[in-house]
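Student: Sequence:
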Amino acid sequence: MPLARSVMPLANCSVHSAAVEGSLAVLLVLECGLGLVGNAIALWTFCFRLKVWKPYAVYLFNLVIADLLLTLCLPFHAASYLTHKTWSLGLSACQTLIFLRALSRGVGVAFLTAVALDRYLRVVHPRLKVNLLSLRAAWGISVLVWLLMAALSHQSLFISEAACPTFEPQGDFSFSVIWQKVLFLLQIILPFGLILFCNARIIRILQKRLRDPDKQPKLQRAQALVAVVVVLFALCFLPSFVARILLTIFRRSDSCRVRRALEHLSDVTSSLTYLQSVLNPVVYCFSNPTFRLSYRKVFYTLRGRGQEAEATCCDLKDSYS
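Residue numbers (my numbering): 7 to 327.
These are computed hints drawn from the structure, not numbers from a lab. Backbone N, C-alpha and C fix where the C-beta goes; we use that ideal spot for every residue, glycine too. Misleading hints may appear alongside valid ones.
Below 25 Å or equal to it, Euclidean Cα-Cα: the simulated DMTMM-like pairs (lysine to aspartate or glutamate) are [unchecked claim]:
| # | residue 1 | residue 2 |
| --- | --- | --- |
| 1 | Lys187 | Glu167 |
| 2 | Lys135 | Asp260 |
| 3 | Lys187 | Glu27 |
| 4 | Lys187 | Asp260 |
| 5 | Lys214 | Asp260 |
| 6 | Lys91 | Asp260 |
Simulated DEER-style distance windows between Cβ atoms [to be verified]:
| # | residue 1 | residue 2 | range |
| --- | --- | --- | --- |
| 7 | Phe256 | Val43 | 36 to 42 Å |
| 8 | Arg207 | Arg55 | 43 to 49 Å |
| 9 | Thr92 | Leu216 | 55 to 61 Å |
| 10 | Glu167 | Pro223 | 51 to 57 Å |
When you get a sec, could you build the whole thing from the sequences and use the hints?
Tutor: Shown next as structure tokens:
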């Protein structure tokens, strides 16, 4: 009898909510639309307007590709919420979609971290030979990042059918489920700690070097870029990190109300992780005036004032140059 009492609440506790699922579907569609537009403009800028390429630009270009791939997964995720977390396209399609989502999100985090490391080495340790990295080497590193993340994410291809309605690791504690959860947590803890360390050191060094009043605008741009990267990462990933920890702790709770609230919280915060693909263009704008001109031109064109935004393309001069 005690065993029956501990199992029955878990079996009969429904976590479906039409209001929550409908709202999340709308949020995912908006994230998809804004992410596609913002990153498509960034990709066009990289391909046709950027005259000077550096390793930093190579990493940002790969970040754009990862963000575009991630946004293409969102309509399928939104459709699952609109059908109350059901999936009708088969297990193989579900596994492929989960793999692409894990790959693109992991690659995006990796290249955000690469950008922070590149800036840290150039500013804090400018005499190191690694700062003379060639473009060919930067492209080689980028390929290795994609291959490494594909290897780390390949367990998604073996996920069980229980994960398909929500695209999150579900079911028994198999190796694939545990690996996906551990990988997600590591992709938050390690990169965020590294990004915080690198950016804190960068600001400290720049505050010492740019004390001249004439150099304060450059310092302010650098501080703004650092703040954008840190806030973006924290906003997109930390809520989901906390929600997953709480859900793991209380997953066996006898209270349906607690489990239902945590499931909804996990769904909401998981959807917020996709904001990364929407907000990353802000990083590009702070990094290079070329991107600001591109976004401004599109904005003015939509308002019928395209000629006001015409400007010559700028070389790559980021906020730390």
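Student: Check each numbered hint from earlier against the structure, then list the numbers of those it violates in ascending order.
Tutor: Of the numbered hints given earlier, those the structure breaks are 2, 5, 8, listed in rising order.
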